[in-house]
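Asks: The residues making up each chain are set out below.
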Amino acid sequence: MTTTIDSLRTANGQPVAVAEVPVVPYEVFAETLSTLTASPSVELSALFGMPGGSQSLRVIAATSNASTGAIDLFAMDVGDRYPSLTRQVAKAHWFERELAEQWGVVPEDHPWLKPIRFHRSYREGHDAWNRSVGDQILPSVQPLGTDYFKVQGNQIHEVAVGPVHAGVIEPGHFRFQCHGEVVFTLEIELGFQHRGIERRLVGGPDKRTLHYMETLSGDTSIGHATAYCQAVEALAGAAAPLRSQAIRVIALELERLANHTGDIGALAGDVGYLPTLSFCGRIRGDYLNATALICGSRFGRGLVRPGGTAFDIDDAMAAELQKRITGAYRDVTGAANLLWSSASVMARFENTGIVPLDMVRQLGVIGMAGRASGSDRDARRDFPSGYYRFAQLPISTWHTGDAFARAYVRHLEVQRSCEYLLESLQQLPRGDSRRDIGPMKGDSIVVSIVEGWRGEICHVAITDHDGAFAHYKVVDPSFHNWIALAMSLRNQQISDFPLCNKSFNLSYCGHDL
Amino acid sequence: MLNIINERIKQGYRTIPFPDGEMPKLPERYRGLPVIDSKKCPEGCAKCVDACPTDAITMDGDMKIDLGRCLFCTDCMDACPEGAIEYTQDFRLATRTREGLVTDGRAFELAHSIDEKSRKIFGRSLQLRQVSAGGCNACEADINVLGTLVFDLGRFGVKIVASPRHADGLIVTGPVTQNMKLALEKTYAATPSPKFVIAVGACAISGGPFVDHDEQNNGVDSILSVDLYIPGCPPHPLTILDGILRLLGRIETNAG
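Chains as they are written, first to last, in numbering that gives the first Met the number 0: chain V, 0 to 512; chain R, 0 to 255.
So that you can see chain V by itself, here it is in the shape it has in the complex (with noise of 0.2 angstroms):
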């Protein structure tokens, strides 16, 4: 048999014409995916629906290959139905079920067919449930023909947790299978973040939409607005200077400092280990007030901006941030070291919430969650943008795929970050830290990919003949991972959620959009 595959060949931040992106049959589509995603290498980005012609939906793939740094971009047009791609290919399951939910088209004999988000279709007159107009779309309340995962059987029992959880934290629901202790399998239910954000781009950039970026998932501020910059930026043909392009990378390891040592904090407190919470709470401050002194927010609000940085940061600012860097670097070095020497936390955290490599692979499960389980992919190195071409921060891995592996990463990279600032901070580049940058050239398709804290933050833009956004598709790690979460916890002892839950730390908000 031949195989017949169609792409077409991009890079990270390379804009092509839309029209150059080939629209295959179904056949052609299935088979580009699988046989590309068939390499360990090899992820798949994006996979999202617009509106074609009057009764079809034009569905674009994007797979990246961390070998040679390719993205693929294919098409095809679907009717109200096709057969499930998830079949062949297991990380599609997920962009699947957005798809049926966004514009109501059923992938056939998907295995797991349920909305993700809980709301109307952006197509009137076309729902994957067959709802109607009328019917009214509550979280969590299954449509017709579906239901939640059930183990039926002597003692066997269901533990439901959620919306509203115990601590300050954002809104889901879990649904746990239980034989006493041990949990048998955990279903996710997310949606109740939903702002409707994601359609609102169309038609954009307006004065809003930097808004929306730094607000798509709060704690990945500068991820999100860096991602939607260099989109923007890539599509007007014109870079940001080299100087704010560095302020970037300062600004997005600042945040990955912060948000790591939160978790390397907050993990210590799940297994009750309380010297290392407290510290973490309070150096997890430092980074965040570092980026305070550069933009004046905590989270970086303000700070990127198309065509590069709101705010520079002078020679002095320079001193003060390797100052406050370096004692954050010990502190925090001193805080998680107690744990690795701790024997009571290393027995709650090794062999706790195992996701083997090869479940990695077959879900795309990326970012640090993915390096955890020993995947060697890390967009800052494979798909460089920015000034991560000129900077190499080395990769961090571990082969352990528990909950300690995931907080040992978080680890490993707080000192690859902190020690590239420190020296980042003694050498910025000369020259302007913004530019004006033009308008956006139209009927073109942008993959802008950054490697925000919790793994690879993808954006697709889709500029219309005017230049503006015809469409605006935007993938955060999250949206990958709530999966690994889920297959962490089977045989677990449903006591250790909590631990397992904190150990990927995913965004709800980033997931509903």
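Derived by calculation from the structure, the hints in this document are not laboratory data.
Be careful, since some hints might not be right.
Stated by the list, open to error - Here's a subset of chain R near chain V, in silico, CB distances under 7 angstroms, partners left out: (1) Q10; (2) R13; (3) F17; (4) E139; (5) T147; (6) I159; (7) A161; (8) A182; (9) T186.
Said to hold, decoys possible - Where chain R lies over chain V, by a calculated footprint (3+ residues, C-beta under 8 angstroms): (10) 159 to 171; (11) 272 to 280.
Small disclaimer: the values here were computed from a predicted structure and weren't measured.
We put the beta carbon where it would ideally sit given N, CA and C, even for glycine.
Once you have looked at the hints, place chain R on chain V.
Replies: Leaving out everything else, chain R in the frame of chain V:
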């Protein structure tokens, strides 16, 4: 054990004296209470109004900013040709009324205390349940920070508790998405009376960047009556702490 003690000595004592002692110094670029000098506005200019992503600025007579909508971004400042809008370093921003947030930055009335009788009950012990109803995790994160040793919320008798049944009130973030409306109402109903509602952040007060989206409700007070508004995107932890302490009558001085 010795390692832990050794590390504790190295990490040092880090709790800030606030509200006692000198006002904490925030970074120079921190954007606190905005102040408008309408006298600088050229005739017919409305560049700031057009630039504001959430339409927080109004020009009905004198120019005013609705802090409940304000994202404390720089868009209005950047658009203004005359430098009529400036952010001050003042992080004290909480009010008891929604109208109180509409200001030109002068004569801004900060939140006043609950009455004497309520103070007797809650003044030294306030238990709050947090509900994120569409928040982006920035407000949530900076509420969480109050529990760290830097702010040490516990020393004021204020605590975030795990169940609404244990709570004296709700501290709500997010614009109240349609998908969280029922959960918020149920959590409120599960909280015993008398109870407070505190809205934290632009989203919880007005919908923030998502104002007028069909998927949300333009903030908490469309559903529940709010006792304390704490603006910001997100508010600085000190802004939140200052607001809560004012509500409890633990800080009484007004803006200087």
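Asks: Tell me if the interface restraint on I159 of chain R is satisfied: Cβ within less than 7 angstroms of some Cβ in chain V.
Replies: Check passed: Cβ of I159 of chain R comes within 6 angstroms of chain V, closer than 7 angstroms.
Asks: Was the hint right that A161 of chain R lines chain V, CB cutoff 7 angstroms?
Replies: With a closest approach of 4 angstroms, the A161 of chain R hint holds.
Asks: Can Q10 of chain R be said to touch chain V, with a Cβ gap under 7 angstroms?
Replies: holds (5 angstroms)
Asks: Per the CB criterion, is R13 of chain R less than 7 angstroms away from chain V?
Replies: holds (5 angstroms)
Asks: Measuring from the C-beta of E139 of chain R to each C-beta in chain V, is the shortest one below 7 angstroms?
Replies: holds (5 angstroms)
Asks: Examine the stretch 159 to 171 of chain V: at least three residues should have C-beta closer than 8 angstroms to a C-beta of chain R.
Replies: With 8 residues close enough to chain R, the hint holds.
Asks: How about A182 of chain R: closest beta carbon in chain V under 7 angstroms, or not?
Replies: holds (5 angstroms)
Asks: Report holds or violated for the interface hint on T186 of chain R, using the least CB-CB distance to chain V and a cut-off of 7 angstroms.
Replies: With Cβ-Cβ at 5 angstroms, under 7 angstroms, it holds.
Asks: Taking beta carbons only, do three or more residues of the stretch 272 to 280 of chain V come closer than 8 angstroms to chain R?
Replies: holds (count 4)
Asks: Can F17 of chain R be said to touch chain V, with a Cβ gap under 7 angstroms?
Replies: For F17 of chain R, the interface hint is violated, since the closest Cβ of chain V sits about 14 angstroms away, which is over 7 angstroms.
Asks: With a cut-off of 7 angstroms, does the beta carbon of T147 of chain R approach a beta carbon of chain V closely enough for the hint to hold?
Replies: The hint holds - T147 of chain R has a Cβ within 7 angstroms of chain V, the shortest such distance being about 3 angstroms.
When each numbered hint is compared with the structure, a violation occurs for hint 3 only.
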